[in-house]
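**Student:** Model the full structure from these sequences, guided by the hints.
Protein chains: 2
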Amino acid sequence: MSLIVQKYGGTSVGTVERIKEVAKKIIEYRNQGHDLVIVVSAMSGETNRLIDLAKQLSDQPRGRELDVLLSTGEQVTIALLSMALMQMGIPAVSYTGSQVRILTDNSHNKARIVDINEHNLRKDLKEGKVVVVAGFQGCDEHGNITTLGRGGSDTTAVALAAALKADECQIYTDVDGVYTTDPRVVSEARRLDSITFEEMLEMASLGAKVLQIRSVEFASKYNVPLRVLSSFTEGGGTLITAEDPSMEQALISGIAFNRDEAKLTILGVPDHPGIASKILGPIAAENIEVDMIIQNTGKDATTDFTFTVHRNDYQSALNILNNTAEKLGAREVNGNEHIAKISVVGVGMRSHAGIASTMFDALAQDNINIIMISTSEIKISVVIDEKYLELGVRTLHKAFKLEQDR
Amino acid sequence: MSLIVQKYGGTSVGTVERIKEVAKKIIEYRNQGHDLVIVVSAMSGETNRLIDLAKQLSDQPRGRELDVLLSTGEQVTIALLSMALMQMGIPAVSYTGSQVRILTDNSHNKARIVDINEHNLRKDLKEGKVVVVAGFQGCDEHGNITTLGRGGSDTTAVALAAALKADECQIYTDVDGVYTTDPRVVSEARRLDSITFEEMLEMASLGAKVLQIRSVEFASKYNVPLRVLSSFTEGGGTLITAEDPSMEQALISGIAFNRDEAKLTILGVPDHPGIASKILGPIAAENIEVDMIIQNTGKDATTDFTFTVHRNDYQSALNILNNTAEKLGAREVNGNEHIAKISVVGVGMRSHAGIASTMFDALAQDNINIIMISTSEIKISVVIDEKYLELGVRTLHKAFKLEQDR
Numbered sequence: 001m002s003l004i005v006q007k008y009g010g011t012s013v014g015t016v017e018r019i020k021e022v023a024k025k026i027i028e029y030r031n032q033g034h035d036l037v038i039v040v041s042a043m044s045g046e047t048n049r050l051i052d053l054a055k056q057l058s059d060q061p062r063g064r065e066l067d068v069l070l071s072t073g074e075q076v077t078i079a080l081l082s083m084a085l086m087q088m089g090i091p092a093v094s095y096t097g098s099q100v101r102i103l104t105d106n107s108h109n110k111a112r113i114v115d116i117n118e119h120n121l122r123k124d125l126k127e128g129k130v131v132v133v134a135g136f137q138g139c140d141e142h143g144n145i146t147t148l149g150r151g152g153s154d155t156t157a158v159a160l161a162a163a164l165k166a167d168e169c170q171i172y173t174d175v176d177g178v179y180t181t182d183p184r185v186v187s188e189a190r191r192l193d194s195i196t197f198e199e200m201l202e203m204a205s206l207g208a209k210v211l212q213i214r215s216v217e218f219a220s221k222y223n224v225p226l227r228v229l230s231s232f233t234e235g236g237g238t239l240i241t242a243e244d245p246s247m248e249q250a251l252i253s254g255i256a257f258n259r260d261e262a263k264l265t266i267l268g269v270p271d272h273p274g275i276a277s278k279i280l281g282p283i284a285a286e287n288i289e290v291d292m293i294i295q296n297t298g299k300d301a302t303t304d305f306t307f308t309v310h311r312n313d314y315q316s317a318l319n320i321l322n323n324t325a326e327k328l329g330a331r332e333v334n335g336n337e338h339i340a341k342i343s344v345v346g347v348g349m350r351s352h353a354g355i356a357s358t359m360f361d362a363l364a365q366d367n368i369n370i371i372m373i374s375t376s377e378i379k380i381s382v383v384i385d386e387k388y389l390e391l392g393v394r395t396l397h398k399a400f401k402l403e404q405d406r
Numbered sequence: 001m002s003l004i005v006q007k008y009g010g011t012s013v014g015t016v017e018r019i020k021e022v023a024k025k026i027i028e029y030r031n032q033g034h035d036l037v038i039v040v041s042a043m044s045g046e047t048n049r050l051i052d053l054a055k056q057l058s059d060q061p062r063g064r065e066l067d068v069l070l071s072t073g074e075q076v077t078i079a080l081l082s083m084a085l086m087q088m089g090i091p092a093v094s095y096t097g098s099q100v101r102i103l104t105d106n107s108h109n110k111a112r113i114v115d116i117n118e119h120n121l122r123k124d125l126k127e128g129k130v131v132v133v134a135g136f137q138g139c140d141e142h143g144n145i146t147t148l149g150r151g152g153s154d155t156t157a158v159a160l161a162a163a164l165k166a167d168e169c170q171i172y173t174d175v176d177g178v179y180t181t182d183p184r185v186v187s188e189a190r191r192l193d194s195i196t197f198e199e200m201l202e203m204a205s206l207g208a209k210v211l212q213i214r215s216v217e218f219a220s221k222y223n224v225p226l227r228v229l230s231s232f233t234e235g236g237g238t239l240i241t242a243e244d245p246s247m248e249q250a251l252i253s254g255i256a257f258n259r260d261e262a263k264l265t266i267l268g269v270p271d272h273p274g275i276a277s278k279i280l281g282p283i284a285a286e287n288i289e290v291d292m293i294i295q296n297t298g299k300d301a302t303t304d305f306t307f308t309v310h311r312n313d314y315q316s317a318l319n320i321l322n323n324t325a326e327k328l329g330a331r332e333v334n335g336n337e338h339i340a341k342i343s344v345v346g347v348g349m350r351s352h353a354g355i356a357s358t359m360f361d362a363l364a365q366d367n368i369n370i371i372m373i374s375t376s377e378i379k380i381s382v383v384i385d386e387k388y389l390e391l392g393v394r395t396l397h398k399a400f401k402l403e404q405d406r
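Taken in sequence, the protein lines are chains X and Y.
To convert, note that position 362 of the first sequence is 362 in full-length UniProt numbering; the numbers rise steadily by one, no gaps.
To convert, note that position 405 of the second sequence is 405 in full-length UniProt numbering; the numbers rise steadily by one, no gaps.
Honestly, the hints are just simulated from the structure, not real lab data.
Computed from a predicted model, the values in this text were never measured in an experiment.
Ideal placement from N, C-alpha and C gives every residue a C-beta, glycine not left out.
It is possible that part of the hints are untrue.
[What the hints assert, rightly or not] Covered stretches of chain Y (chain X as the covering partner; in silico rule of three or more C-beta atoms under 8 angstroms from a C-beta of chain X): (1) 56 to 65; (2) 68 to 80; (3) 83 to 91; (4) 187 to 196; (5) 362 to 375.
**Tutor:** The structure is reproduced here in C-alpha cells:
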C-alpha cells in the first residue's frame with residue numbers, strides 16, 4: 001500500500017461528467033489499496049471567467065483581492081469532487097489551501113509555499129478518507145488567501161507529496177506523457193517511459209510545455225517521483241525522477257524547439273570590460289528576458305555581440321539596442337525575427353562525445369545553416385532560420401534514432 | 001461619525017454594473033464621515049448555479065461539502081466589491097466568514113452564529129478602510145466552512161452590527177421599506193417610517209417577506225436598530241427598533257396576509273386529556289408545520305379540532321389525519337385548501353380595545369365570512385375563503401385608515 005498524490009487539471013474536471021470520470025478513476029486506485037490525496041484545479045474556463053469579472057471592475061486586477069476571487073475556482077471543484085466521491089460511496093473530505101494550511105509568503109498572485117501542515121490530512125487518510133485539496137492556493141501567516149500563479153496546482157501537488165513523503169506524485173493532464181519531441185511535427189515521436197528532472201527542466205523551458213517548470217524544480221529538490229499521465233486515456237505515462245547512476249542512460253532523451261525567438265546583433269563595439277552589461281542592462285531594465293547570448297571578438301579590438309529575445313519583445317529591444325549602439329560607438333545593429341531554436345537534451349551526453357558533431361552533420365546534410373550555437377551540460381541548442389524548423393526537428397529525431405524504443 | 005453596517009443582497013450586486021453602483025453608494029456614506037462594514041450576498045443566480053452543479057453530482061447535496069461550494073458565491077462578491085472600491089480610490093479589504101472568524105456551531109447548511117471576533121475589523125476601520133464581509137457564512141471551531149442557510153446574509157449583518165456595537169444596521173434590498181400591506185393588493189399601501197421588532201416579526205412570519213425572521217430576532221435580542229432600504233431608489237426606508245414607550249404608537253401598523261394555507265378539521269373526537277398531541281403528533285412526525293390551531297368542545301363529550309398547514313402539505317396531512325380519526329374513533333374529517341389568512345398587526349392594540357370588533361365589522365359589511373380566528377398580544381388573524389383575500393385586505397386597510405400618514 002502506498003500513498004499517492006494525484007493532480008487533475010482544469011480540463012480533467014471541466015464538466016460535471018468529467019468530474020464523475022475522475023471520481024471513478026480515483027476509486028479504481030483506492031480499490032488497489034492506495035491512500036490518495038487529490039489536488040484539483042478550477043474547472044476549465046472558470047479562472048478566465050473570474051478574471052473577466054475583475055477586469056470589468058479594475059484596470060489591473062491584482063494583489064490580495066484577486067487571490068480572494070480566483071481561489072473560489074478550485075474551492076468549487078474540491079466540493080464537487082468530494083460530493084461525487086461520497087455519492088459513489090467513498091468517504092472524502094475537501095480542503096482549501098487555507099484549511100490544510102499551505103503556508104505561503106505574502107506575494108499575492110505568485111506566492112511561494114513556505115510550509116505545509118500535513119497533520120489533518122494524515123488523520124483523514126488514516127480514517128480511510130480520500131483527501132481532496134484545492135490546488136494553486138494557500139494563505140500567508142495572517143490568514144490572507146494567496147495564489148501560486150498559473151499552473152500552481154502542479155506545485156501544490158508536488159509540495160503535498162513532499163510534505164507527506166508520498167510514494168509518487170501523478171499529474172493528470174491532457175497529454176499522456178512526455179514525448180521525444182512534438183508529435184505534431186514528427187509523427188514518429190515516442191512517449192518516454194522515464195526522464196530525469198534535469199532533462200525535464202531543459203525540455204520544459206525549451207517549449208515542451210507539459211509541466212510547470214516550478215513543480216519540476218520542486219520535485220527535483222525534494223526528490224518526489226513525478227509521473228505525467230493522461231486523464232482521458234489509459235497508460236503509464238512518463239515517470240520523472242532523479243538520475244539513477246546504475247541506469248544505462250539514453251544518449252539523447254528528446255528534442256525541444258521554440259519558434260518564438262528573435263535575434264539581435266550589435267557589431268563592432270569597442271571592446272573593454274563591462275561591455276556586456278552595458279548592452280544588456282538597458283534591455284533588462286525594460287523587463288525583456290534574454291535567452292541565448294553569444295559574444296565574439298571581432299577585428300580591430302572591437303567585439304560582436306548577439307542575443308535572442310521573445311519575438312514579442314523584438315521591436316522594443318531593437319530600439320533600445322540602437323540607442324546603446326550610438327552611445328557605445330558601435331558600427332552596426334541588425335536583427336532577425338524569423339529564427340527558431342532547436343535543442344537536443346539528454347543526460348547521456350555528459351559521458352558521450354560526438355553528440356554535437358552528429359547534430360551539426362545531420363543539419364548540414366539538409367543544408368540547414370546554423371546561425372547560433374549554445375551548449376550546457378545536458379543540452380545543445382542551435383538557432384536556425386525559422387523555415388527549416390520542422391525539417392530540422394525531424395532530421396535530428398531520426399539522427400538520434402529517437403523513434404526506436406529502448 | 002457613526003459606525004454603520006450595510007448589507008447588500010444578491011440583486012443589488014447581481015452584475016458588475018450594480019456592484020459599481022453599490023461602491024458609489026458606499027463612497028457617498030463614507031464621505032459623510034461614517035465608518036462602514038459592508039456585508040454582501042452572492043451575485044443573484046450564483047447560488048442557484050452552484051446548487052445545480054451539486055445536484056448533478058449528488059442526489060441530495062448537503063452537509064460540509066455543500067457549504068464549501070456555496071460559500072464561494074459570497075467570496076466572489078467581496079473580492080469584486082473591494083476591487084471596485086479600490087479602483088475608485090477607497091481603501092477596502094475583504095473578509096470571508098472564516099477570515100473574520102464568524103464562529104458558528106457545526107450544523108452545516110443552517111449553522112447558528114456563536115461568536116464573532118471583531119478584532120481585525122476594528123483595526124481595519126481604524127485605518128480608514130471599508131471592510132467588506134461575506135454574508136451567509138462562517139466556520140466551526142475546527143475551521144470547517146459553514147453556511148447559515150438562505151437569507152443568512154441578513155443575519156450576518158445584524159450579528160456584525162451587534163458585535164461591533166454599530167449605530168445602525170442597514171439592509172439594502174429591492175423594496176424601499178416595510179409597507180402597511182402589499183402594494184400590489186392595496187395601491188394606497190404606505191411605507192412605514194418605523195415599526196417595532198415585534199410588529200416586524202409578526203409581519204414577516206405572516207408573509208410580508210422583506211427581512212429574514214432570524215435576523216429580526218437577532219436584532220431584537222441585541223437591540224440593533226435595523227433599517228430596510230432600497231438599493232435602487234433614494235429614501236430613508238423603514239427603521240425597525242425596540243418599542244419606545246414615550247412614542248405614541250399607531251393602533252395598527254400593517255396588514256399581513258398569506259394565501260398558502262389549507263385547513264383541516266377532525267370532528268367528534270371523544271374528548272379526554274392529551275387529545276391534541278395525539279392529533280398533532282403524527283403530523284409533526286412527518287415534519288409538517290402547523291400554523292393556527294383551534295379546539296372547540298362539541299356535543300356529547302366530543303371535541304372538534306381544526307388546524308392549518310402549508311398548502312403543499314395538505315394532502316399528506318389529510319391522509320395522516322384520516323388514519324388518526326380511525327384510531328381515535330372520531331366522527332368525521334374534512335378540509336379546505338382554498339383558504340387565506342389575513343392578520344392585522346400593531347403594538348398599539350395592547351392598550352386599545354375594539355380592534356377586533358372593528359376588524360370583524362369591516363369584514364362583515366363586505367359579506368366576508370370568517371372561518372377561523374386566532375389572536376396574540378399584537379395581532380389578530382382571521383382565516384377566510386381565498387377568493388375574498390384581496391377584498392378583505394383592502395377593506396381592512398381602509399377600516400384602520402392605514403393610507404393616512406401619521
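**Student:** Evaluate each hint against the coordinates.
**Tutor:** Checked hints:
no.	hint	verdict
1	56 to 65	holds (count 7)
2	68 to 80	holds (count 9)
3	83 to 91	holds (count 4)
4	187 to 196	violated (count 0)
5	362 to 375	violated (count 0)
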